[in-house]
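Peer 1: Now for the letters of each chain:
Number of protein chains: 2
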Amino acid sequence: MVSQIMAGHGKKRSVIREIFEYSKARSAQIGAENVFDFSLGNPSVPAPACVNETIRALTNGDSVLLHGYTSAQGDAAVREKISDYLNSLHGCGLNKDLIYMTCGAAASLTITIKALTCDGDEFITFAPFFPEYRVFTQSAGATLKVSMPRKPDFQPDIADFESLISENTKGVIINSPNNPSGVVYSEESIKALCAVLDKKQREYGHPIYLITDEPYRELVYGSVKVPFVMNYYNNTIVCYSFSKALSLPGERIGYIAVSPNAQESGDVYAAVCGAGRCLGYVCAPSMMQYVIKECIGAVSDISVYEKNRNLLYDNLTEMGYECVRPDGAFYLFVKALEDDAYAFCEKAKQFELLLVPGDDFGTPGYIRIAYCVSTERIEKSLPAFKALADLYKK
Amino acid sequence: MVSQIMAGHGKKRSVIREIFEYSKARSAQIGAENVFDFSLGNPSVPAPACVNETIRALTNGDSVLLHGYTSAQGDAAVREKISDYLNSLHGCGLNKDLIYMTCGAAASLTITIKALTCDGDEFITFAPFFPEYRVFTQSAGATLKVSMPRKPDFQPDIADFESLISENTKGVIINSPNNPSGVVYSEESIKALCAVLDKKQREYGHPIYLITDEPYRELVYGSVKVPFVMNYYNNTIVCYSFSKALSLPGERIGYIAVSPNAQESGDVYAAVCGAGRCLGYVCAPSMMQYVIKECIGAVSDISVYEKNRNLLYDNLTEMGYECVRPDGAFYLFVKALEDDAYAFCEKAKQFELLLVPGDDFGTPGYIRIAYCVSTERIEKSLPAFKALADLYKK
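So the protein sequences, as listed, match chains A and B.
FYI, numbering that gives the first Met the number 0 numbers position 47 of the first sequence as 46, with every residue one higher than the one before it.
FYI, numbering that gives the first Met the number 0 numbers position 366 of the second sequence as 365, with every residue one higher than the one before it.
Treat the hints as calculated values from the structure; they're not laboratory data.
Hints may contain errors.
As the list makes no split between identical chains, a pair holds if one copy fits it or if it spans any two.
As the list claims (entries may be wrong) - Straight line, CA to CA, 35 angstroms or less: simulated DSBU-like cross-link-like pairs of lysine-lysine:
#1 334 to 80
#2 11 to 80
#3 190 to 392
#4 190 to 23
#5 348 to 292
#6 23 to 199
#7 10 to 144
#8 11 to 144
#9 80 to 292
#10 385 to 80
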């Protein structure tokens with residue numbers, strides 16, 4: 000018969016996808032305007048104008064070139080544009096032969112993990128974390144260890160992290176701005192984390208790769224800066240997706256960037272190319288590659304996210320909810336009003352609030368609110384959040 | 000360090016890739032118009048007009064919907080359109096919940112193989128075969144056995160095939176119209192193959208899946224019919240890509256269709272969904288999904304391929320080359336004029352002919368000619384083929 004592990008992964012869809020399907024069904028019953036779906040990290044603002052303008056312009060050109068295969072690792076001119084762009088921002092010494100175009104963030108991660116993993120390898124990540132990290136590492140034959148966060152600020156707990164590193168640690172996955180907490184790891188956190196990694200690399204005599212999953216890099220509010228990790232640690236691999244910055248999550252376009260200072264960076268890049276091949280990623284969608292070439296650096300108008308962040312954070316904390324004020328991404332990570340976040344989310348459905356329990360993110364007792372919706376939706380939902388809180392005051 | 004297996008896959012350039020690089024260098028020396036590059040299977044005809052028209056129309060609509068996530072398995076309306084279309088053509092009883100949208104043929108195959116594979120599993124395919132089948136099956140932890148073709152017609156050799164089936168056979172991969180031979184498996188072949196599979200399923204008491212990789216389905220000439228395998232065998236999984244029919248190879252869009260008559264088809268589909276998740280395929284590129292919804296059934300103008308087939312086949316056989324007359328795809332698979340196809344291809348370079356040795360396709364002593372080029376290129380190349388043949392007459 001089929002692989003029961005795969006059938007299991009297919010039947011037990013991620014909680015987020017389950018809620019997504021519930022939301023569609025519920026919307027069909029009572030109308031989408033009556034469902035407060037805060038479950039999905041689907042950008043609610045349109046792509047910058049240049050995206051659709053570029054697409055239209057491209058379709059008036061040579062169809063065979065536009066829709067034809069690029070090199071497996073991506074069109075050379077597109078990769079050069081990306082490395083030039085990153086160098087101009089971060090002075091990181093990249094070149095096109097360290098950039099591999101991917102079908103989005105999930106592809107960036109599965110390819111990178113597959114490229115690195117040998118028998119018995121372990122990866123470490125920090126709670127709260129995107130649940131698919133567990134699926135991706137297990138699927139590559141590795142195991143995932145989880146470091147619990149410092150409370151209440153949800154920065155990495157460096158001592159806890161250090162205690163998890165072993166001779167078998169192949170890599171560490173960080174995600175900042177973080178899904179689901181919205182927290183941006185401070186420069187202090189990054190420096191401390193890299194210092195521990197450097198020490199442990201020397202101790203074990205082999206590289207430990209720092210995989211930085213950063214689809215939310217551009218989604219930060221106020222004057223907050225997201226440290227460019229490659230500049231703090233040599234064995235860094237960036238897994239990027241344009242899904243959030245350009246509001247293109249469905250188009251599956253992103254890249255992997257291997258640090259030029261990584262030990263034997265050419266071998267790391269070759270392994271990325273090999274893993275892409277093994278997983279069936281031959282070239283990333285061609286037209287979207289050319290769109291990136293024209294639109295890199297553009298960012299959707301994210302002012303609505305900041306407005307939503309403020310509105311939701313201020314109102315929810317006033318209602319008595321506890322949460323860390325997010326500096327980035329478009330998530331609020333809130334302490335559930337009972338220990339069991341699943342039960343809490345079930346109760347929230349009474350008020351048509353669709354929230355995601357934090358358990359799958361490695362943080363039981365919390366729930367995620369994706370506020371990438373219209374501000375009007377947030378405003379309309381506030382009485383529901385109030386009613387939910389009141390339920391617990393009785 | 001990184002996985003040496005992956006680094007190996009990344010470093011070992013495919014023969015086709017080597018020729019591609021040689022072609023670029025040689026073109027720079029003597030001009031592209033003087034190099035007869037028959038190495039790449041990149042469609043040379045534009046996408047049907049509806050494709051780019053639909054793209055332009057879509058970009059004038061709602062950007063958030065257009066570029067947003069669909070369900071992991073693909074947009075429901077798109078999947079319904081595809082199942083309706085296949086039912087109307089083949090009366091096969093599909094429904095949308097047996098269709099899984101993919102990022103193209105390679106993704107369709109890696110997902111399907113991963114979905115099926117348990118420890119110790121074996122797959123069988125028929126030479127000549129697309130070399131990546133070996134990479135995909137090995138990457139999933141399975142082994143690939145190869146059945147040699149019947150000569151001279153390159154249909155499956157059913158007795159040889161039967162001798163390869165064991166208790167561990169999980170699946171069989173066929174590719175018709177075939178890359179690289181251009182041969183379409185006859186209804187007689189399909190029936191004989193399915194009869195053997197049915198017998199062996201009963202003997203071993205477990206399903207053996209028939210994976211049919213058919214990106215070239217629509218590329219057939221004259222009155223040739225490609226049997227729809229699902230109608231001949233219950234445990235069939237179709238791996239399709241729109242890359243050739245719609246001339247969209249770079250866009251990475253295709254689907255997996257699980258037969259409604261497959262044993263526990265729901266479990267098979269769940270395993271496909273689970274494998275897609277594990278490999279990092281979350282939703283296929285959204286805009287291209289919507290393009291498929293509008294353009295399914297359209298086919299690029301393939302008359303140039305048929306014209307090229309006739310021109311090349313007639314002339315080459317007249318010159319003394321031996322090959323099976325291809326009924327589909329855009330390849331001619333020719334017996335090399337010496338035993339060593341690599342040596343033959345090296346000699347062909349004297350006449351600026353770039354051909355691909357058949358060894359990597361599991362068929363030493365043959366060469367592949369991809370005739371998806373302009374007819375003018377074919378015409379201009381004929382004296383070079385003649386000169387090459389003459390070399391062996393001395």
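Peer 1: Indicate, hint by hint, whether the structure satisfies it.
Peer 2: Structure-based check of all given hints:
no.	hint	result
1	334 to 80	neither (42 angstroms within a copy, 43 angstroms between copies)
2	11 to 80	between (40 angstroms within a copy, 26 angstroms between copies)
3	190 to 392	neither (42 angstroms within a copy, 70 angstroms between copies)
4	190 to 23	neither (43 angstroms within a copy, 43 angstroms between copies)
5	348 to 292	between (43 angstroms within a copy, 34 angstroms between copies)
6	23 to 199	neither (48 angstroms within a copy, 44 angstroms between copies)
7	10 to 144	both (24 angstroms within a copy, 31 angstroms between copies)
8	11 to 144	both (21 angstroms within a copy, 33 angstroms between copies)
9	80 to 292	both (6 angstroms within a copy, 33 angstroms between copies)
10	385 to 80	neither (48 angstroms within a copy, 43 angstroms between copies)
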